[in-house]
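> Chain residues, written in single-letter form:
Number of protein chains: 2
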Amino acid sequence: MALIVQKYGGTSVGSIEKIEGVAEKVIATHKQGHDVVVVVSAMSGETNRLIDLARQISEIPNPREYDVLVSTGEQVTIALLSMAIEKLGQAARSYTGHQVHIRTDSAHTKARIMDIDEKRVREDLKAGRIVVVAGFQGVDENGNITTLGRGGSDTTAVALAAALKADECQIYTDVDGVYTTDPRLVPNARRLDRITFEEMLEMASLGSKVLQIRAVEFAGKYGVPLRVLHSTQAGPGTLITYDEEVENMEDAVISGIAFNRDEAELTITGVPDQPGIAYQILGPIGEANIEIDMIIQNIGADGCTDFTFTVHRNDYKKARQILDGIAKELGARQVTGDDTIVKISIVGVGMRSHAGIASTMFGALAKEGINIRMISTSEIKISVVVDEKYLELAVRSLHDVFGLEQKPAA
Amino acid sequence: MALIVQKYGGTSVGSIEKIEGVAEKVIATHKQGHDVVVVVSAMSGETNRLIDLARQISEIPNPREYDVLVSTGEQVTIALLSMAIEKLGQAARSYTGHQVHIRTDSAHTKARIMDIDEKRVREDLKAGRIVVVAGFQGVDENGNITTLGRGGSDTTAVALAAALKADECQIYTDVDGVYTTDPRLVPNARRLDRITFEEMLEMASLGSKVLQIRAVEFAGKYGVPLRVLHSTQAGPGTLITYDEEVENMEDAVISGIAFNRDEAELTITGVPDQPGIAYQILGPIGEANIEIDMIIQNIGADGCTDFTFTVHRNDYKKARQILDGIAKELGARQVTGDDTIVKISIVGVGMRSHAGIASTMFGALAKEGINIRMISTSEIKISVVVDEKYLELAVRSLHDVFGLEQKPAA
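Residue numbers (my numbering), protein chains in the order written: chain A, 121 to 530; chain B, 121 to 530.
Simulated from the structure, these hints should not be mistaken for lab results. Heads up, some of the hints might be wrong.
The list makes no distinction among identical chains, and a pair is therefore deemed to hold if it is satisfied within one copy or across any two copies.
Listed next, the in silico EDC-like pairs over lysine to aspartate or glutamate satisfying Cα-Cα at most 20 Å (straight line) [said to hold, decoys possible]:
1. 207 to 179
2. 246 to 287
3. 207 to 172
4. 138 to 179
5. 230 to 422
6. 138 to 172
7. 448 to 426
8. 239 to 261
9. 239 to 260
Produce the entire structure from the sequences given, and follow the hints as far as they go.
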């Protein structure tokens with residue numbers, strides 16, 4: 121008997137019929153003798169409907185109230201799914217983030233989970249109930265409702281799995297696993313049986329929309345085995361697990377190609393090249409809860425320096441506004457920006473033991489005449505920023521040049 | 121400076137435009153120097169949309185989950201109204217029933233308020249904020265979300281007004297006050313300036329849909345002055361207040377005619393006429409949380425008795441099921457029922473000091489050939505049950521015979 125946390129996203133619970141299908145799947149797992157905790161998102165379309173109501177009032181609605189509003193989406197789903205499970209004769213009980221004490225910080229719309237009080241869930245499991253928890257939401261120390269930001273339901277599932285020491289956290293989605301790259305872009309992209317937390321982290325953060333980055337971080341940190349599965353088709357999915365296990369399985373140099381269409385770049389030029397300047401520029405951006413992705417600093421002429429960084433496209437206007445203020449304070453030359461760029465990354469733990477990966481990558485892009493605007497590297501990934509019009513061409517060339525369509529020899 | 125609790129129903133917050141209108145009204149009251157607490161219902165149509173989702177899963181959905189589901193309706197409204205108030209530059213904060221600790225019993229879908237912890241609200245008022253509270257919902261001692269049943273938002277408003285010792289509780293509706301009877305039925309029905317709690321209680325419980333009965337009970341019990349007002353048209357509305365004040369104002373024999381289309385009658389015949397029999401029959405109905413309205417017992421032949429009572433039409437099937445079980449146990453002759461009946465009542469504190477009201481009433485009905493199926497009286501009301509097809513005719517005749525279209529002499 122295992123303890124399994126299952127997470128179903130918005131598409132998987134997008135209609136009453138689909139919710140009833142999830143109820144059957146959940147009960148089937150329970151009947152195999154497992155304890156089951158289910159985390160669900162809002163029915164697809166519901167969150168957008170709620171956001172649209174808010175936008176009719178204000179383009180930047182009060183964040184505390186925004187969270188009160190959008191958290192109702194998941195609350196509707198937990199009630200409906202619990203009803204559907206009860207209807208089939210199986211005891212179930214739903215919990216909002218508030219009720220199951222998913223304690224977060226107070227960063228409304230982007231809160232982070234601090235702590236989960238799993239006592240009530242354990243009592244229900246002991247009593248033979250299936251527990252249904254609202255994803256994406258929590259409560260801060262003052263009892264205010266918070267949300268984790270889009271995709272946060274994955275994080276809820278993994279955090280619950282960690283708190284309950286679950287045997288597996290299964291993320292049901294509309295894809296049957298993690299692919300070498302997006303199959304809509306590259307038709308011969310291949311499903312991976314396994315991938316490391318580390319690689320998945322790079323894939324997720326770089327835009328493979330299968331899992332939310334914080335969910336993978338959590339899973340890696342607490343050693344929660346994570347499995348991505350299709351919500352209606354049978355199949356083994358992709359298991360995300362520790363490094364050593366995977367390296368024995370597949371000796372690929374790189375595992376996949378991730379890309380992110382949601383990037384925007386900002387450049388501030390002619391700022392004084394002095395200690396603390398990076399903090400002066402990036403501090404206020406971070407304080408506004410805007411995540412900064414890539415950062416590049418070039419040493420310029422006459423004691424001045426140029427700074428370029430990327431943010432999510434949604435944050436572009438806000439970041440630009442803040443940066444204009446900073447530029448005035450610092451007497452910088454100018455601020456420029458572009459929100460029509462994309463980031464493409466090759467990811468693989470095999471990179472550690474193989475040389476020449478970067479030059480293969482740059483060579484493939486050069487051959488297609490694609491101009492690279494920024495480069496950033498880590499131990500297991502190389503990222504480039506290019507004009508968004510080159511996205512498809514670049515990904516296809518890289519998938520080809522690294523032979524990702526073939527399963528590597530064992 | 122006064123403390124005013126305002127309540128806006130579903131129609132008054134039925135669109136973003138209307139919510140923005142409410143925000144302006146609320147701020148206007150605040151600008152007059154008053155502390156304002158606003159209680160809101162779900163946007164009109166929203167509760168039905170949610171119930172419809174539940175019904176697609178089960179005709180009798182799990183009541184705990186039903187409450188989790190429908191309580192999202194008010195949560196959406198509090199968030200949107202708070203956003204709209206903040207947008208206009210006035211600080212506001214929303215609270216769910218859970219957050220403001222509206223403690224209820226555990227009778228899901230029909231819970232009763234036990235207690236309100238008004239501390240947090242007072243802190244916000246002191247800080248100059250407008251407080252927006254979700255009507256209709258609460259939380260039981262185990263942290264489960266409960267709802268008060270339809271119309272429960274009025275009760276929330278009055279309970280908050282009582283807890284905060286508010287100067288006035290204003291109920292904004294789609295009518296401009298309490299009328300002598302439903303103007304849709306009797307075009308010359310007249311708005312009352314004042315009415316007693318006692319009379320209003322009879323009017324509300326008997327089907328004048330302006331206010332929920334429990335709200336009036338609460339208001340009377342805690343001496344909260346209650347005012348019914350139109351949500352968009354200016355006007356004094358109707359003040360519901362203590363007995364003595366009103367009797368000096370309007371010396372009417374009867375104040376109004378209430379009616380209730382939502383009644384159903386159940387009869388059990390041939391049960392042993394012995395002590396405790398009423399409890400044996402009605403006890404299980406009450407335990408199923410079905411409210412019983414009128415009760416009549418006739419002594420029959422050969423040591424047997426007949427019992428007739430009325431319930432809400434929604435509870436008819438369930439009550440009949442229970443009654444069939446009881447009949448089997450008691451060896452009763454038969455169970456009959458009818459859910460096409462209505463109750464009509466004349467209400468007035470003046471009845472206490474005037475004789476002949478009942479015979480005037482029965483005479484008027486007899487003249488129209490309307491058969492009376494049940495009669496029930498109290499100090500300030502006389503109710504009759506008639507076939508639903510006679511409703512309009514009966515109400516119009518009674519409104520005429522008691523001269524309700526004219527304002528009584530001061």
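> All hints are to be evaluated individually against the structure, with a verdict given for each.
Do the hints match the structure? See the list:
no., hint, result
1, 207 to 179, "between (41 Å within a copy, 10 Å between copies)"
2, 246 to 287, "within (16 Å within a copy, 50 Å between copies)"
3, 207 to 172, "between (33 Å within a copy, 16 Å between copies)"
4, 138 to 179, "between (33 Å within a copy, 18 Å between copies)"
5, 230 to 422, "neither (40 Å within a copy, 76 Å between copies)"
6, 138 to 172, "between (24 Å within a copy, 16 Å between copies)"
7, 448 to 426, "within (15 Å within a copy, 90 Å between copies)"
8, 239 to 261, "both (18 Å within a copy, 17 Å between copies)"
9, 239 to 260, "both (18 Å within a copy, 18 Å between copies)"
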